[in-house]
Amino acid sequence: MKHYPRPEPGGQPPLLHPPYTSNIRRAPSRPLIQLPHTLSELTGPLYGHNPIGETDNDLTRQHPGEPLGERIVVAGRVVDEDGRPVPHTLVELWQSNAAGRYRHSVDNHPAPLDPNFTGAGRAIADEQGNYRFVTIKPGAYPWRNHPNAWRPAHIHFSLVGPCFITRLITQMYFPNDPLLPFDPISQSIPDERARLRLIAQFDWSLTQPEWALGYRFDFVLRGRDATPFEGQS
Amino acid sequence: MKTLPSQTIGPFFHFSLTANAALGCLTRPDAKGEHIRIRFRLLDGDGAPVPDGMLEIWQADAGGRYDHPADTQEQSPDPAFCGFGRLATNAAGCCVFETVVPGRVPDGRGGCQASHLNLSVFARGLLGRLSTRVYFEGDPALAGDAVLALVPEDRRHTLLARRDPAETALWSFDIHLQGENETVFFDI
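Heads up: the protein sequence lines correspond to chains H and E, in order. Counting with the working numbering, you get residues 1 to 233 for the letters of the first sequence. Counting with the working numbering, you get residues 1001 to 1188 for the letters of the second sequence.
A few of these clues could be false.
[Claimed, not checked] Derived pair list, reagent style EDC-like, types lysine to aspartate or glutamate, alpha-carbon separation capped at 16 Å: (1) H:Lys2 to E:Asp1071; (2) E:Lys1002 to H:Asp82; (3) E:Lys1002 to H:Asp225; (4) E:Lys1002 to H:Glu8; (5) E:Lys1002 to H:Glu81; (6) E:Lys1002 to H:Asp218; (7) E:Lys1002 to H:Asp191.
Calculated from the structure, these hints are not laboratory results.
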């Protein structure tokens, strides 16, 4: 039987992080009430709610032509806090194109849309928790949080996991991005080691020669096995 | 290993996460139980609608069974019902799910919980998922619910959906992110 210890303080963003200005009027002001885990929290939607299409995990093949930009492979594993695979879970992503523009009606950044790139993808992790996407490296883009604010290049990910507790929406960043120290969203995570976990690792083994560079990004979802500690009988 | 930190859903998720509007309907016509609609409204600290939020619900079927292997109750899940729904809020901060009143599920202490939906709230401006529950006003089981008992009495009303006086199958639930009627959110 799995159990789900609360995350350590510092490893998750606080409710309120005022440098992220749209957070100020939206973050709850009262402390959360700790809930014992009942059947309601220990169950959750298990399967993808739509069948996965053939090109859903390859964002470079969703249109008749090729998208512009740097082709990349993003792959890794979905695991629990013991490093055990979380099989068959749905991984959804969305991102801007190479120019830093989203295919979204409220994105008015004056950068070009790419007719051959949507920026949405889905994959189901396999039995060992492995997932893989082929996409285009997203561009950085400006936003109105503070004067001359820019988001570092990032890919949004959404995972359901095995139960209601494990639900995770996060963002993956790229190594050596000079914008990261100035980004109030990634900097909202107090513990630097936890912030680093959102940065993908460049990985030669995931590259495809003469085709695409590769980045590894593992998703660690909540959950541990309730096996006795070492030394306990 | 440590859990990955969450980050905001941001304002641009719609073309990926909520492209399928069918995720607002959890029922087929032959689903067992009382068919209802629940209209949610997501409001910020100024009482202004949050037009770029996403709500997810997870609930048991009318018989109190979750479609999940951790639910080992004898009866099978209703095949005409799906316990998961997901919708984006509109310009008025609203979205409407079609579902059934969930049955009572075990509380792990020999009793049953009052009927409730488990609700996740995401939005631009929220760095992580907010988790809460939706109970039904007037349900006689509310008084014995172990989770509600953890909530200060003067805040329990924030967890109650209310039946529309004119349309009995319609329930409303306002989510106040801040303010006098700030909704109770749970640390799960």
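Against the structure, the hints:
no., hint, verdict
1, H:Lys2 to E:Asp1071, "13 Å, holds"
2, E:Lys1002 to H:Asp82, "9 Å, holds"
3, E:Lys1002 to H:Asp225, "14 Å, holds"
4, E:Lys1002 to H:Glu8, "8 Å, holds"
5, E:Lys1002 to H:Glu81, "6 Å, holds"
6, E:Lys1002 to H:Asp218, "11 Å, holds"
7, E:Lys1002 to H:Asp191, "12 Å, holds"
The structure agrees with every numbered hint stated previously.
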